[in-house]
Amino acid sequence: MTELDGLKDELLAQVGAAGDLAGLEEARLAALGKKGRITGFMKDLGALSPEERRERGAALNAVKDAVAEAIERRKAELGRAALDARLQAERVDVTLPVRPEAEGRLHPISQTMDELVAIFAEMGFSVAEGPDVEDDFHNFTALNFPPGHPAREMHDTFYLPDSADGRRMLLRTHTSPVQVRTMLNRKPPIRIIAPGRTYRSDYDMTHTPMFHQVEGLVIDETTHMGHLKGCLIDFCRAFFGIDDLPLRFRPSFFPFTEPSAEVDIGCSRKGGELKLGNYGDWLEILGCGMVHPNVLEACGIDSTRYQGFAFGMGIERIAMLKYGIPDLRTFFEADLRWLKHYGFVPLDVPSVAAGLTR
Amino acid sequence: MKFTLSWLKSHLDTDAPAERIAEALTALGLEVEEVVDRARALAPFVVGHVVSAEKHPNADKLRVCMVDIGTSTVQVVCGAPNARAGMKGVFAPPGSVIPATGTVLEKGVIRGVESAGMLCSERELGLSDEHEGIIDLPGDPPVGASFATLAGLDDPLIDVALTPDRADCAGVRGIARDLAAAGLGTLKPLAADPVPGRFPSAVKVALDFPEEARDACPVFVGRTIRGVRNGPSPRWLQDRLLAIGLRPISALVDITNFVTHDLCRPLHVFDVDKLAGDLTVRLARPGETVAALNGKAYTLQGGETVIADAARVQSLAGVVGGEESGCGEGTTTVFLEVALFDPVRTAQTGRRHGIDSDARYRFERGLDPAFVVAGMEIATRMILDLCGGEASEPVIAGAVPGGERRIALRPDRVRTLGGVDVPVPEQRRILEALGFQVSDGPDGGLLAGVPSWRADVHGEADLVEEVMRVKGFDAIPATPMERLETVARPALDPQQRRGALARRALAARGLLEAVTWSFMDGRNAAFFGGVHPGMRLLNPIASDLDVMRPSILGNLIQAAGRNADRGFPDVGLFEVGPAFREPTPDGQDVMAAGLRAGGAVPRNWHGGARAVDVYDAKADAMAVLEIAGAPSANLQVSTDAPDWYHPGRSGCLRLGPTVLARFGEIHPAVLDGLGVSGPVVGFEVFLERVPQPKRKAGPARPLLRLSPFQPIRRDFAFVVDAGVEADRIVRAARGADKALVADVSVFDVYQGPGVESGRKSVAVAVTLQPLERTLTEPEIDGVGQKIVAAVAKATGASLRA
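Protein chains in written order, with the numbering used here: chain Y, 1 to 358; chain E, 1 to 801.
It should be emphasised that the hints constitute simulated quantities derived from the structure, not laboratory data.
All values derive from a computational prediction rather than experimental measurement.
Cβ-Cβ distance ranges computed for the label pairs, FRET-style:
#: 1; chain 1: Y; residue 1: Leu83; chain 2: E; residue 2: Tyr750; range: 38 to 44 Å
#: 2; chain 1: E; residue 1: Tyr750; chain 2: Y; residue 2: Val98; range: 30 to 36 Å
#: 3; chain 1: Y; residue 1: Leu83; chain 2: E; residue 2: Phe747; range: 30 to 36 Å
#: 4; chain 1: E; residue 1: Glu19; chain 2: Y; residue 2: Asn278; range: 16 to 22 Å
#: 5; chain 1: Y; residue 1: Thr95; chain 2: E; residue 2: Gln636; range: 46 to 52 Å
#: 6; chain 1: E; residue 1: Ala739; chain 2: Y; residue 2: Ser351; range: 39 to 45 Å
#: 7; chain 1: E; residue 1: Arg536; chain 2: Y; residue 2: Asp243; range: 48 to 54 Å
#: 8; chain 1: E; residue 1: Arg381; chain 2: Y; residue 2: Pro161; range: 53 to 59 Å
#: 9; chain 1: E; residue 1: Glu777; chain 2: Y; residue 2: Leu4; range: 55 to 61 Å
#: 10; chain 1: E; residue 1: Asp493; chain 2: Y; residue 2: Gly300; range: 20 to 26 Å
Quick look at which bits of chain Y chain E covers, simulated, 3 or more residues with Cβ under 8 Å:
#: 11; stretch: 92-102
#: 12; stretch: 129-136
#: 13; stretch: 158-172
#: 14; stretch: 195-202
#: 15; stretch: 227-238
#: 16; stretch: 252-261
For every residue, glycine included, the Cβ atom is placed at its ideal position computed from N, Cα and C.
When you get a sec, could you build the whole thing from the sequences and use the hints?
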């Protein structure tokens with residue numbers, strides 16, 4: 001048997017020595033090919049007695065199996081080495097940049113409006129809209145601005161030529177005409193917000209001739225000033241994400257509300273830095289009040305039965321406060337550096353469920 | 001509205017400090033803008049007694065003064081010509097901040113002599129422009145005393161931003177009344193005893209108005225005062241006026257200014273010797289002129305209320321007095337005017353001539369009509385007290401408009417409207433403190449007679465506000481909104497949702513959202529189809545923002561140009577907003593518009609850099625239409641985009657006759673006109689024109705049937721005339737066998753060698769999707785032939801050899 005042991009060792013050594021697939025094939029042929037060593041021994045089996053044949057056959061098969069297994073193993077090793085070598089050769093510089101992709105952004109005004117809508121939707125408000133080009137009736141008269149009253153002049157109105165039927169046309173100075181249109185077209189109960197463009201002829205550090213407001217209007221039989229307070233406190237705390245944000249209501253004057261209030265939120269101005277929260281100082285952010293009976297009547301609503309509140313606030317202003325945008329005028333310059341810096345990624349959709357702010 | 005604490009205390013008996021008063025004012029709706037404590041900046045400055053003043057050994061113009069400041073005597077080098085031994089001046093110690101310069105005073109050595117402080121001029125203390133010499137305090141003030149106290153500057157100045165309704169608080173007394181109601185003190189009585197007339201007035205007054213302008217001046221009272229001496233007013237009066245920023249002029253003028261601010265009762269005094277006869281209050285005639293006390297001359301348009309003598313207009317009523325009859329040093333006889341002028345006309349006159357005055361500010365808010373005579377008596381007494389002389393009998397033209405208004409306040413109304421429970425007796429106390437005449441009303445409520453100075457109170461809601469603002473809005477308990485639905489309904493309607501989706505779809509495509517003006521330059525608007533005449537602003541803020549934009553594209557193109565000028569030529573912008581057609585409620589369209597300028601793919605090491613082209617804009621437009629729910633498979637493309645687009649590289653996306661969107665390269669002439677370099681491609685989508693999807697079936701999708709059989713792909717290259725649109729080939733191929741052809745896509749368009757000139761090769765890949773069974777080769781060939789035949793019939797195409 002030493003003869004076969006020797007053969008086995010010799011053939012396994014040949015297989016193990018094969019440096020590549022071609023060498024391995026050579027070793028296979030030398031062992032198992034038609035003229036291979038093991039094949040040769042197999043042929044010789046016929047000359048043996050059945051007993052010897054069985055014994056030697058089994059031994060030869062064992063050698064054959066061992067060699068075949070070694071060849072398979074070596075083949076896998078060589079294949080793996082060849083793949084490794086190929087992959088090494090395929091190395092690229094992964095520090096190189098990816099293909100360019102433009103990154104779009106939403107304007108902070110749009111994002112802020114979406115946040116407003118998300119919060120007020122929770123409180124049962126729906127969104128109403130109206131035209132930017134209005135007439136004197138919807139912008140002033142129906143809102144209880146007496147003709148010639150100084151409050152009318154405080155609005156710095158942009159005027160357009162009178163309409164064919166003699167109405168004085170103008171650009172709405174606030175979103176309040178949407179209140180009027182809503183009340184003229186719908187019956188109470190009403191709960192709407194009206195975000196949109198507004199216009200006043202003023203242009204300096206803190207004023208632009210176009211800006212955005214959101215109007216709120218609630219009309220039913222029982223809503224009172226306590227609800228106004230509750231609604232705005234809930235809104236401001238949700239919007240600014242400050243659970244203990246204090247609000248201060250101060251009596252004020254608007255022709256279309258009675259009583260009227262201005263609302264301040266808590267802040268700090270220490271060290272010239274504005275910070276919102278319960279810090280003892282105050283910052284005005286919006287005007288509001290109970291809808292004036294004259295407005296209800298002008299809009300065909302029975303003021304002895306229905307009442308409610310209205311509020312209005314500047315969208316740029318609350319966006320600036322929330323997102324730390326320093327200059328109002330930059331909102332409208334369409335400077336791509338500004339839009340990329342202050343803008344919002346499109347998948348960042350504000351919702352009460354997923355969070356208003358990332 | 002400005003006043004000092006001591007001025008307020010002349011009407012209000014109170015011990016409250018300025019801070020407490022400021023808080024109370026803001027809580028009352030009289031918003032305090034600021035409280036200026038003028039004493040604070042002057043706190044370090046004390047009275048110093050100059051014990052000696054010797055010439056400086058090394059400088060001719062300097063003196064070395066020894067100054068007793070109470071606690072010690074210090075050496076000060078002083079350059080003032082009036083520094084002398086024995087005088088008392090204002091001493092600034094080292095470490096103090098000089099108000100005029102903001103610099104910190106330090107000990108120093110001046111020409112070899114130590115100086116441990118400074119003697120100050122008025123200018124250095126920020127009191128006046130006086131800098132000729134140091135302050136030489138009159139009298140014998142105590143050494144070391146606070147200069148601020150001595151000068152009456154330790155009197156905080158309070159500045160209130162008045163809302164336009166509170167005419168009554170344009171006088172210190174009105175403010176005091178509100179504070180008294182809020183419990184901050186007691187309102188002092190106001191004496192307005194009649195001054196007996198000693199002679200008939202030299203000047204008479206007539207009202208001369210046409211019937212329709214009777215309200216221009218309902219009442220005018222006045223009287224002559226003769227034998228007056230018009231010198232400077234006393235110090236206390238000058239100090240009050242100076243504190244609120246008014247320049248003292250003369251006793252007579254200062255009195256009118258004082259009464260204006262103290263009692264909200266503007267007055268005027270005419271120098272009788274400069275008047276030609278009696279006064280008439282009337283409407284101005286066009287072209288009349290008046291030289292006003294502000295040094296300017298005005299030519300009247302006619303219709304302004306004026307006070308005229310026999311010769312000329314002497315005063316613009318309620319706005320500004322005339323120079324001609326103004327009082328000066330030599331004035332000995334005056335005519336005092338106390339009148340009511342219509343707020344609207346007064347405001348119009350002021351606005352028309354650009355005059356802001358303290359009188360106009362008050363008249364246009366509406367004065368207390370019942371205070372005309374009392375105002376005259378108070379002013380008369382003040383003139384007699386300060387200027388001497390004797391008063392005539394009053395003259396009165398017209399009549400005080402009267403009529404008490406009474407308003408009922410239901411007992412529960414403060415709670416049901418204001419949300420805060422205030423007991424009826426407390427409501428009554430508050431209203432009475434504000435000057436209302438309160439009696440018992442029906443059903444346990446109140447009946448409130450409105451005081452004459454509260455023209456702003458009209459109805460029950462106003463009474464509620466009065467009660468609540470005195471009670472304080474802090475007392476209103478915050479009440480959560482009642483929840484209408486367990487699960488809130490959507491806030492946006494489908495149309496509004498489209499706008500929100502279009503924004504996010506376009507941003508997802510790499511565009512930056514801009515918000516640009518609704519205005520644009522009318523000259524540029526001409527490039528975009530022009531502007532309806534009703535869309536031109538009568539009073540634009542700037543000449544290049546003078547019309548309402550007919551298209552958003554113009555503003556976006558200019559924005560792209562500005563970005564290019566800053567060094568960023570590759571920019572993609574969009575805006576979802578209004579474009580204006582005509583001045584009607586339906587005359588504006590909600591548009592989603594956008595552009596891409598410069599490179600679509602920037603230079604990069606992967607290659608593939610390219611400029612923007614019309615297909616980028618088309619893709620953007622289609623993306624918006626898709627998200628807006630347009631039936632994208634049914635959209636047709638036409639080549640009739642408006643003329644601000646390149647005529648050969650633009651198109652419209654439409655559903656039959658309705659254009660939903662347009663896109664293309666911006667016309668080079670338009671870019672040229674806007675001063676912007678190309679290429680720029682753009683699109684405009686009419687969001688409201690996209691039909692609302694039919695909701696009959698609800699949100700359920702049609703049943704999906706997935707074929708178990710493999711799709712088969714076959715390519716065809718057609719040769720057609722170069723003018724044939726690829727879309728016709730695609731449509732023909734798709735229509736060849738609607739059951740089997742699932743998709744047709746163009747993958748190559750070729751013109752050049754191998755294709756005869758004037759023709760082009762269009763290669764399409766057709767996907768066949770068998771549904772019933774696997775197709776056999778002959779069946780596939782059969783479909784192929786049908787496709788070739790259909791395309792040939794529709795376009796004259798032949799298969800490319």
